[in-house]
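2 protein chains.
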Amino acid sequence: MAGRKVLIIYAHQEPKSLNGSLKNVAVEELGKQGCSVTVSDLYAMQFEPRATRNDIVGCLHNSEEFNYGVEAREAYKRGDLSDDLIEEQKKVQEADLLIFQFPLYWFSMPAIMKGWMDRVLVEGFAHKFPDCYSSGLLKNKLALFSFTTGGSKEMYTKGGISGDIRYILWPMQHGIMHYCGVKVLAPHICFAPEYVSEENRKEMLLVWAQRLKTLWKEEPINCSPEWYFK
Amino acid sequence: MAGRKVLIIYAHQEPKSLNGSLKNVAVEELGKQGCSVTVSDLYAMQFEPRATRNDIVGCLHNSEEFNYGVEAREAYKRGDLSDDLIEEQKKVQEADLLIFQFPLYWFSMPAIMKGWMDRVLVEGFAHKFPDCYSSGLLKNKLALFSFTTGGSKEMYTKGGISGDIRYILWPMQHGIMHYCGVKVLAPHICFAPEYVSEENRKEMLLVWAQRLKTLWKEEPINCSPEWYFK
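Sequences listed follow chains X and C, in order. The first sequence maps to residues 1 to 230 in the UniProt record's numbering. The second sequence maps to residues 1 to 230 in the UniProt record's numbering.
Please note: incorrect hints may appear among the correct ones.
Stated by the list, open to error - Here are the computed distance ranges between Cβ atoms for each label pair:
1) X:E28 to C:T52: 23 to 29 Å
2) X:V57 to C:D83: 28 to 34 Å
3) X:K213 to C:D131: 40 to 46 Å
What the hints assert, rightly or not - In silico DSSO-like links for lysine-lysine, alpha-carbon gap of 27 Å or less:
4) X:K128 to C:K153
5) X:K153 to C:K139
6) X:K153 to C:K230
7) X:K183 to X:K213
8) C:K141 to C:K5
9) X:K128 to C:K158
10) X:K183 to C:K153
11) X:K230 to X:K183
12) X:K5 to X:K91
13) C:K213 to C:K32
14) C:K153 to C:K139
15) X:K5 to X:K128
16) X:K158 to C:K213
17) X:K230 to C:K153
18) C:K230 to X:K230
19) C:K16 to C:K77
20) C:K77 to C:K128
21) C:K213 to X:K128
22) X:K230 to C:K158
23) C:K183 to X:K16
24) C:K183 to X:K158
25) X:K16 to C:K128
26) X:K158 to C:K158
27) X:K77 to C:K16
28) C:K213 to C:K5
29) C:K158 to X:K183
30) C:K5 to C:K217
31) C:K128 to X:K153
32) X:K139 to C:K158
33) C:K217 to X:K158
34) C:K183 to C:K141
35) X:K153 to C:K183
36) C:K77 to X:K139
37) X:K139 to X:K128
38) X:K158 to C:K230
39) X:K217 to X:K139
40) C:K32 to C:K141
Keep in mind that the hints were calculated from the coordinates and are not lab data. Note that this is a predicted model, so its numbers are computed, not measured. The beta carbon of each residue, even a glycine, is placed where N, CA and C say it ideally should be.
Whenever a hint applies, use it, and build me the whole structure from the sequences.
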């Protein structure tokens, strides 16, 4: 699949972590296939997660009452978003596939990555009601959530204390990516790497590399309530 | 319920917003009842959402490979968390009730509030496996998620395009608060305030004030998969 463009949005503080290695495996494997791979290393970039007035360059649309969604939409139209957002939006625009690589924090992504979602996926760029879900503005792109957990696979089952892992995926996969029209590949989950042997962690990297070899042949999931809550 | 302590964790950039007014209503109404109310105004505090090495004062437990969860746990034991975290933990420790007031961003809380969860609810302070869920370390406290949405009530129903609003509450109520042992009161949701009349927005404030009058008589929800996915 030479020529395809991949953006990896990566959120881990430690390059030597399993998340760091999973990210490296993706860069290498997709590179070998001839894909062009870009990484947004959020902690290394000290990416700003807070949605504030600083995201809008120059005057506000309504300086009497600050509404972030409205201001970001208007600033996008005028080309007046802050440089870091314009940069991320360019990367998204060019990408065929977005890979989100992170450790699960509190049944969701770390705040630094949530901030990427909050700030980059501006109305007019990623969606524009009623252009959402199947007609979202980022249609024809793919996304894949790749993450590690603290809890075991057994805890994240229907009868387990933390419930089916798919419950957690609804806000991220459906509420964010699908809303923007992005098609979602099956998630890639490494359960409880901190509690397994070094050998098992190496195996996790091999499994990911193996999956990436045939990733472009995969069909997206059917991103509807049935997939999550059946 | 004089003497009860309430902590409002508030995330909106604009004091004049409906979220700002909802927060003010809670401060006033609970104050009238003789409760002691503290507000963590996250944007005004420029609260840091990123979980980094800066949260640990002094030397690391393992300086070879940075693991945020381990380092925060060890720093908590030593009393070596950064001052802003110690301050927030004190407020949580003293509170009988936590109210989270925010606009829904992407089927979840804004990144600045997710960062509060990621950084404040440290292992050893809020939970310590297997002391989680019913035996979480913050048991005997209550939490209430109060938020505004962009989408309408109809969109957030089982047959609506955004699915049942309860699906979204699972990670926040069950995955975070219940995990720490906190009992959860029914959420308070103002749907699509930007698309209703000024009169209707005022009505939303009255409904909230009214609910607060008898809040202490409410029973927590049964925070189990049935409540969310039945």
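Quick rundown of the hints versus the structure:
1. X:E28 to C:T52: 23 to 29 Å: Holds, at about 27 Å.
2. X:V57 to C:D83: 28 to 34 Å: With Cβ atoms ~33 Å apart, the hint holds.
3. X:K213 to C:D131: 40 to 46 Å: Taking Cβ atoms as reference, K213 (chain X) and D131 (chain C) lie about 43 Å apart, which means the hint holds.
4. X:K128 to C:K153: holds, 19 Å
5. X:K153 to C:K139: Within the cut-off at roughly 26 Å; holds.
6. X:K153 to C:K230: Holds - the C-alpha atoms of K230 (chain C) and K153 (chain X) are around 23 Å apart, at most 27 Å.
7. X:K183 to X:K213: holds, 19 Å
8. C:K141 to C:K5: Holds: K141 (chain C) and K5 (chain C) sit about 10 Å apart, inside 27 Å.
9. X:K128 to C:K158: Distance ~23 Å between K128 (chain X) and K158 (chain C) Cα, so the pair holds.
10. X:K183 to C:K153: Holds - the C-alpha atoms of K153 (chain C) and K183 (chain X) are around 25 Å apart, at most 27 Å.
11. X:K230 to X:K183: holds, 20 Å
12. X:K5 to X:K91: holds, 9 Å
13. C:K213 to C:K32: holds, 10 Å
14. C:K153 to C:K139: Roughly 32 Å between the alpha carbons, so the hint for K153 (chain C) and K139 (chain C) is violated.
15. X:K5 to X:K128: holds, 24 Å
16. X:K158 to C:K213: violated, 37 Å
17. X:K230 to C:K153: Holds - the C-alpha atoms of K153 (chain C) and K230 (chain X) are around 23 Å apart, at most 27 Å.
18. C:K230 to X:K230: holds, 10 Å
19. C:K16 to C:K77: violated, 40 Å
20. C:K77 to C:K128: Status holds; Cα separation ~12 Å.
21. C:K213 to X:K128: violated, 39 Å
22. X:K230 to C:K158: At roughly 13 Å apart (the allowed maximum being 27 Å), K158 (chain C) and K230 (chain X) satisfy the hint.
23. C:K183 to X:K16: violated, 38 Å
24. C:K183 to X:K158: holds, 21 Å
25. X:K16 to C:K128: Judged against 27 Å, a Cα distance of about 26 Å means the pair holds.
26. X:K158 to C:K158: holds, 19 Å
27. X:K77 to C:K16: Roughly 25 Å separates the two Cα atoms, so the pair holds.
28. C:K213 to C:K5: OK: K213 (chain C) and K5 (chain C) at ~15 Å, within 27 Å.
29. C:K158 to X:K183: Cα-Cα ~21 Å, so holds.
30. C:K5 to C:K217: Holds: K5 (chain C) and K217 (chain C) sit about 15 Å apart, inside 27 Å.
31. C:K128 to X:K153: holds, 19 Å
32. X:K139 to C:K158: holds, 24 Å
33. C:K217 to X:K158: Measuring from Cα to Cα gives roughly 32 Å; hence the hint is violated.
34. C:K183 to C:K141: holds, 6 Å
35. X:K153 to C:K183: Holds - the C-alpha atoms of K183 (chain C) and K153 (chain X) are around 25 Å apart, at most 27 Å.
36. C:K77 to X:K139: violated, 48 Å
37. X:K139 to X:K128: holds, 12 Å
38. X:K158 to C:K230: holds, 13 Å
39. X:K217 to X:K139: Holds - the C-alpha atoms of K139 (chain X) and K217 (chain X) are around 18 Å apart, at most 27 Å.
40. C:K32 to C:K141: holds, 21 Å
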